[in-house]
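Participant: Hey, can you work out the whole structure from these sequences and the hints?
Listed below are the residues making up each chain.
Protein chains: 2
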Amino acid sequence: MILDKINEPKDLKNLSNEETELLACEIRKLIIKKVNETGGHMGPNLGIVETTIALHKVFNSPVDKIVFDVSHQCYPHKILTGRKEGFIDPSKYYIYTGYTAPEESKHDIFKVGHTSTSVSLAVGLAKARDLKCEKGNIIALIGDGSLSGGEAFEGLDCAASLNSNIIIIVNDNDMSIAENSGGLYKNLEVLRKTKGKNDLNFFKALGFDYFYVEEGNCVEKLVETFEKVKDINHPTIVHIKTLKGCGLKEAEENKEMFHWIMPHALDNFYNEPVVEQENYTNITTNYILNEAKKDSTIVAITPATPGVSGFNKKFREELKNQYVDTGITEQHAVAFASGLAKNGAKPILAVMSSFIQRTYDQLSQDLCLNNSPATILVYWSGLTSADATHLTCFDIPLMMNIPNLVYLAPTNKEEYLRMLDWSVKQNKYSTAIRVPNIELISTGIEDKTDYSILNKYKIEKEGSKIAILGLGNFLPLANRLAKEIEETLNIKPTVINPRFITGIDEELLENLKKDHEIVITLEDGILSGGFGEKIASFYGPSDIKVLNYGGKKEFTDRIPLDKIYEDCRLKENLIIEDINKILNLARI
Amino acid sequence: MILDKINEPKDLKNLSNEETELLACEIRKLIIKKVNETGGHMGPNLGIVETTIALHKVFNSPVDKIVFDVSHQCYPHKILTGRKEGFIDPSKYYIYTGYTAPEESKHDIFKVGHTSTSVSLAVGLAKARDLKCEKGNIIALIGDGSLSGGEAFEGLDCAASLNSNIIIIVNDNDMSIAENSGGLYKNLEVLRKTKGKNDLNFFKALGFDYFYVEEGNCVEKLVETFEKVKDINHPTIVHIKTLKGCGLKEAEENKEMFHWIMPHALDNFYNEPVVEQENYTNITTNYILNEAKKDSTIVAITPATPGVSGFNKKFREELKNQYVDTGITEQHAVAFASGLAKNGAKPILAVMSSFIQRTYDQLSQDLCLNNSPATILVYWSGLTSADATHLTCFDIPLMMNIPNLVYLAPTNKEEYLRMLDWSVKQNKYSTAIRVPNIELISTGIEDKTDYSILNKYKIEKEGSKIAILGLGNFLPLANRLAKEIEETLNIKPTVINPRFITGIDEELLENLKKDHEIVITLEDGILSGGFGEKIASFYGPSDIKVLNYGGKKEFTDRIPLDKIYEDCRLKENLIIEDINKILNLARI
Numbered sequence: 001m002i003l004d005k006i007n008e009p010k011d012l013k014n015l016s017n018e019e020t021e022l023l024a025c026e027i028r029k030l031i032i033k034k035v036n037e038t039g040g041h042m043g044p045n046l047g048i049v050e051t052t053i054a055l056h057k058v059f060n061s062p063v064d065k066i067v068f069d070v071s072h073q074c075y076p077h078k079i080l081t082g083r084k085e086g087f088i089d090p091s092k093y094y095i096y097t098g099y100t101a102p103e104e105s106k107h108d109i110f111k112v113g114h115t116s117t118s119v120s121l122a123v124g125l126a127k128a129r130d131l132k133c134e135k136g137n138i139i140a141l142i143g144d145g146s147l148s149g150g151e152a153f154e155g156l157d158c159a160a161s162l163n164s165n166i167i168i169i170v171n172d173n174d175m176s177i178a179e180n181s182g183g184l185y186k187n188l189e190v191l192r193k194t195k196g197k198n199d200l201n202f203f204k205a206l207g208f209d210y211f212y213v214e215e216g217n218c219v220e221k222l223v224e225t226f227e228k229v230k231d232i233n234h235p236t237i238v239h240i241k242t243l244k245g246c247g248l249k250e251a252e253e254n255k256e257m258f259h260w261i262m263p264h265a266l267d268n269f270y271n272e273p274v275v276e277q278e279n280y281t282n283i284t285t286n287y288i289l290n291e292a293k294k295d296s297t298i299v300a301i302t303p304a305t306p307g308v309s310g311f312n313k314k315f316r317e318e319l320k321n322q323y324v325d326t327g328i329t330e331q332h333a334v335a336f337a338s339g340l341a342k343n344g345a346k347p348i349l350a351v352m353s354s355f356i357q358r359t360y361d362q363l364s365q366d367l368c369l370n371n372s373p374a375t376i377l378v379y380w381s382g383l384t385s386a387d388a389t390h391l392t393c394f395d396i397p398l399m400m401n402i403p404n405l406v407y408l409a410p411t412n413k414e415e416y417l418r419m420l421d422w423s424v425k426q427n428k429y430s431t432a433i434r435v436p437n438i439e440l441i442s443t444g445i446e447d448k449t450d451y452s453i454l455n456k457y458k459i460e461k462e463g464s465k466i467a468i469l470g471l472g473n474f475l476p477l478a479n480r481l482a483k484e485i486e487e488t489l490n491i492k493p494t495v496i497n498p499r500f501i502t503g504i505d506e507e508l509l510e511n512l513k514k515d516h517e518i519v520i521t522l523e524d525g526i527l528s529g530g531f532g533e534k535i536a537s538f539y540g541p542s543d544i545k546v547l548n549y550g551g552k553k554e555f556t557d558r559i560p561l562d563k564i565y566e567d568c569r570l571k572e573n574l575i576i577e578d579i580n581k582i583l584n585l586a587r588i
Numbered sequence: 001m002i003l004d005k006i007n008e009p010k011d012l013k014n015l016s017n018e019e020t021e022l023l024a025c026e027i028r029k030l031i032i033k034k035v036n037e038t039g040g041h042m043g044p045n046l047g048i049v050e051t052t053i054a055l056h057k058v059f060n061s062p063v064d065k066i067v068f069d070v071s072h073q074c075y076p077h078k079i080l081t082g083r084k085e086g087f088i089d090p091s092k093y094y095i096y097t098g099y100t101a102p103e104e105s106k107h108d109i110f111k112v113g114h115t116s117t118s119v120s121l122a123v124g125l126a127k128a129r130d131l132k133c134e135k136g137n138i139i140a141l142i143g144d145g146s147l148s149g150g151e152a153f154e155g156l157d158c159a160a161s162l163n164s165n166i167i168i169i170v171n172d173n174d175m176s177i178a179e180n181s182g183g184l185y186k187n188l189e190v191l192r193k194t195k196g197k198n199d200l201n202f203f204k205a206l207g208f209d210y211f212y213v214e215e216g217n218c219v220e221k222l223v224e225t226f227e228k229v230k231d232i233n234h235p236t237i238v239h240i241k242t243l244k245g246c247g248l249k250e251a252e253e254n255k256e257m258f259h260w261i262m263p264h265a266l267d268n269f270y271n272e273p274v275v276e277q278e279n280y281t282n283i284t285t286n287y288i289l290n291e292a293k294k295d296s297t298i299v300a301i302t303p304a305t306p307g308v309s310g311f312n313k314k315f316r317e318e319l320k321n322q323y324v325d326t327g328i329t330e331q332h333a334v335a336f337a338s339g340l341a342k343n344g345a346k347p348i349l350a351v352m353s354s355f356i357q358r359t360y361d362q363l364s365q366d367l368c369l370n371n372s373p374a375t376i377l378v379y380w381s382g383l384t385s386a387d388a389t390h391l392t393c394f395d396i397p398l399m400m401n402i403p404n405l406v407y408l409a410p411t412n413k414e415e416y417l418r419m420l421d422w423s424v425k426q427n428k429y430s431t432a433i434r435v436p437n438i439e440l441i442s443t444g445i446e447d448k449t450d451y452s453i454l455n456k457y458k459i460e461k462e463g464s465k466i467a468i469l470g471l472g473n474f475l476p477l478a479n480r481l482a483k484e485i486e487e488t489l490n491i492k493p494t495v496i497n498p499r500f501i502t503g504i505d506e507e508l509l510e511n512l513k514k515d516h517e518i519v520i521t522l523e524d525g526i527l528s529g530g531f532g533e534k535i536a537s538f539y540g541p542s543d544i545k546v547l548n549y550g551g552k553k554e555f556t557d558r559i560p561l562d563k564i565y566e567d568c569r570l571k572e573n574l575i576i577e578d579i580n581k582i583l584n585l586a587r588i
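For the record, the sequence lines run as chains B and S. When you line the first sequence up against our numbering, it's residues 1 to 588, in that order. When you line the second sequence up against our numbering, it's residues 1 to 588, in that order.
These aren't lab readings, by the way, just hints derived from the structure by calculation. One should not assume that every hint holds.
[To be verified] Now the in silico label distances, taken between C-beta atoms and shown as ranges: (1) B/Arg-569 - S/Lys-513: 53 to 63 angstroms; (2) S/Asp-543 - B/Lys-514: 18 to 28 angstroms; (3) S/Lys-132 - B/Thr-194: 30 to 40 angstroms; (4) B/Thr-449 - S/Glu-37: 51 to 61 angstroms; (5) B/Asp-89 - S/Glu-460: 25 to 35 angstroms; (6) S/Asn-321 - B/Lys-10: 53 to 63 angstroms; (7) S/Glu-8 - B/Lys-552: 55 to 65 angstroms; (8) S/Asp-543 - B/Thr-443: 19 to 29 angstroms; (9) S/Leu-440 - B/Asn-60: 44 to 54 angstroms; (10) B/Glu-317 - S/Gly-344: 28 to 38 angstroms.
Keep in mind that this is a model prediction, so the values were computed, not measured. Virtual Cβ for every residue (Gly too), placed ideally from N, Cα, C.
Facilitator: Structure representation (structure tokens):
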């Protein structure tokens, strides 16, 4: 194997063209085997193998610094920078994260996992280099999908006026996660068709020098161009045409499906698809499809992540012009939804919890300040064993402290559908729903609550002495805890389902004072800035004791969920320990 | 006066060219007189008078919908849409806000005050129109300065593929608040020089139809072009060249100074400038200038708001390449600072509290996840009588719940300078400092605290029974409250200066339990998600009573500060009332 000889980038320098092509094949095989085993980003990595080899052949990392946008295309880079055993040896498949990580290697400059950041980060590196009067190339590698993100444009705009070396490699595979849309992509398409020669050129208009590489999956051609731009003294774009999923027929032909796959997706590719159980995703798409037939102003929106919300091909085709993929543009997506709502349409915007983080000011100013009655569905929320770049535990503090927003936390199918229907059909409030991120629970009993009466919590079980507020995903934990308390402490606790994240049910909380001593809050997100602290503040001047449970304010990184729960004392027995401490103190 | 006849847009329809030019003069005079009296946006409004007249002459608002970006250029629009008395009658100068406000007029579609939002909002309006099969023009009016903002680009990219009517008017006056920078502005410059005929055209590259108006301060020429694009069936840019401050010599010649002025700035223009007292702004610029001389890697950064942080002409000229105005690009500015810090430079990024809202994800992912040791100075923070679009009371909940960030709240000159110096020179933490937004207090005693020992609160006065935590701007209130408590309740309270917003001093708080019964928190920002709630949560399981004071979770709109304090019980006598309630209960 050629790869046997490659332990760091400098080992690539003297490889012949034939050897680099062989190396590309070897890397590709490793990626296909590993990703099929572990799950992960398949298509992006297969497309970028040759680019990565060529980059490390021509440039001298880490003196020359390469910033990977999103970094879901960094597997070949990891293989070439001393981490190949994480791809060769199945027992080591999990030792490296799927994103760049400076703690793993000096060749990784930043820890990144959100899109559209590479150019700005690179401009910073370049400016620091210039201030220190150092040499070296600063390279940002960004995919066409990430280019639509506002941060990327801000970066490009500033990069263009840098007056020194910065090389931005646009990896153009004609695909975001799903199909690309937007004016920029049309320009990229024309540039591909004209082999970079079209007069109207987005990058040149911004002032960049511009190079085009037609054969972006050929190391030799890439090396040729990289040699030309190496040590260039002004801002430069290298636009390369690559094939997403290159080398794996299934991935080449099903680019969206193979962008990120579950373990064994390739093995299962030719099997009959498993019939899907009812879950929060498909009851949502079914609701939207049904309602959209009756009301032509309902629009389902995704900022380039249709998979997150189950907006699959069939859904999109059925919805036609009532479906909009805005591309990677979370900020626009929120403002767009506000505009739609303001002009009488009924937008439903689906966003993953981790990516709603990109829209604080749009939620505040464009949406809530205007009370635009849009509906935002927040998916995958909660504490998670995910890597540090894709945590989904910050949406509660991010959103619940924005004035005017109604953020709801349903706990079962009937409640969720009722909330969704209320949210879509009302026209007074900007609303968001934290789509439950647990297995679907159905009560079988229609929820008839009028959610326009805000901030009314629901008592699930009447009890005394101890009250447990189990928010959204954690109502089942509240119920289990109540059972355990009853069994071990002989106290029958009250169990409360708050349903409204954004408000306090003062009347109910006030009433609890009569026959309760301890109030426990449980939330599936970080505590800091969240729901429980508000309950503690409410009871601050009173005799009620409050115990808040939730995640810590930290970037956890692939910590097993059970370990996180343990660390945060989110376990029945640990909470009972804490209750006992209070009860014992009271007895003294 | 022509204006006497103009009560709504339709009254403009039959005016002759001569009459519209006269009208423009009348409007200009009103704006100059009023803005000089009340303060406000002078330059942007003087530049846009003719455009506004032409828009309302050609289009039919509100069936045709005009969205003003930032809306600090909406005064002529207000004058023409039934609100002229707010500009004619000095007793009514304050009845309308300086931004568009739907509650004032059906001709204002959105309440906006942050930049770069108009295109996305307009795309939403347009899509809703299409879904409802309605007619009408959707117009976004955006200045060249706002175009660099990422949200604007996301909007443009999506607007370009709309396939129906949307007209984006680019008001190009060659100025942001300060000078423009970035690749896009170079392209605008070339387009102006070639009267729109240059081959490389940013807008055409995105797929827009494109019209150029050389004489953007001539109603007749504008009307000609607007007539052409009215009811156009595809996305269209009208690029108009205007003169910022047009018609007022002082403003034309001093564009930055007259972007937004204090009351009577015009009257005082020819007077000797008042010698500036020492304040937090000038001690900051002095610090930066001094340190930058010693260390060439120090960089002062502003995202197009140098005035907020006193980065004036002299400062910029002295710093040369150690000063960067990134343009309106808050997201980029944070990522840029992270890149600089990661490559060994010492970035100091100055941002107004209201605009830091645009960077949550960049603070979290680009900066703090990477522990990049950049320094962010947050200006103008606190509860405010400002209008709803420029509130500065959300930065604490926004920032303090982000992992890894060290957010500091100094309370006097010596503390502030020590924190600033520590922050700039350390290389372990991403830090932010809430620059005090009160009159400078100097203790005269050098602060020698080692701020690398995180989360150590300072006891300012030892006492018992009651402890008051006065965060940042509110330490003086804590001191006044302590004095009042001592005088009226005969209790000598402990006064604590937390200094660290982002952490809990568990040891100190634990110690307070020994001889304190009530802990009071005071913070100059909204309570929701902020500092005090964490103290309440900490003491939740204990006998300590906690009273949290801060702003409410609401968009206040030009409410006098004293009224806000009253509503939030942020007054010594009201807090003492609350304390008495607890003390009386304890006595029962």
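Participant: A separate judgement is required for each hint: does it hold in the structure or not?
Facilitator: Verification of the hints:
Checked against the hint of 53 to 63 angstroms, the pair B/Arg-569 and S/Lys-513 fails, with Cβ atoms roughly 21 angstroms apart. Between S/Asp-543 and B/Lys-514, the C-beta spacing of about 20 angstroms keeps the proposed range 18 to 28 angstroms intact. At roughly 39 angstroms, the beta-carbon separation of S/Lys-132 and B/Thr-194 lies within the given 30 to 40 angstroms, and the hint holds. At roughly 53 angstroms, the beta-carbon separation of B/Thr-449 and S/Glu-37 lies within the given 51 to 61 angstroms, and the hint holds.
A hinted range of 25 to 35 angstroms for the beta carbons of B/Asp-89 and S/Glu-460 is inconsistent with their spacing of about 59 angstroms. For S/Asn-321 and B/Lys-10, the Cβ-Cβ distance of about 33 angstroms falls outside the hinted range of 53 to 63 angstroms, so the restraint is violated. At roughly 57 angstroms, the beta carbons of S/Glu-8 and B/Lys-552 sit within the given window of 55 to 65 angstroms. For the pair S/Asp-543 and B/Thr-443, the supplied restraint of 19 to 29 angstroms is violated, since their beta-carbon distance comes to about 40 angstroms.
A hinted range of 44 to 54 angstroms holds for the C-beta pair S/Leu-440 and B/Asn-60, which are about 50 angstroms apart. Between B/Glu-317 and S/Gly-344 the C-beta distance comes to about 52 angstroms, which lies outside the given range of 28 to 38 angstroms.
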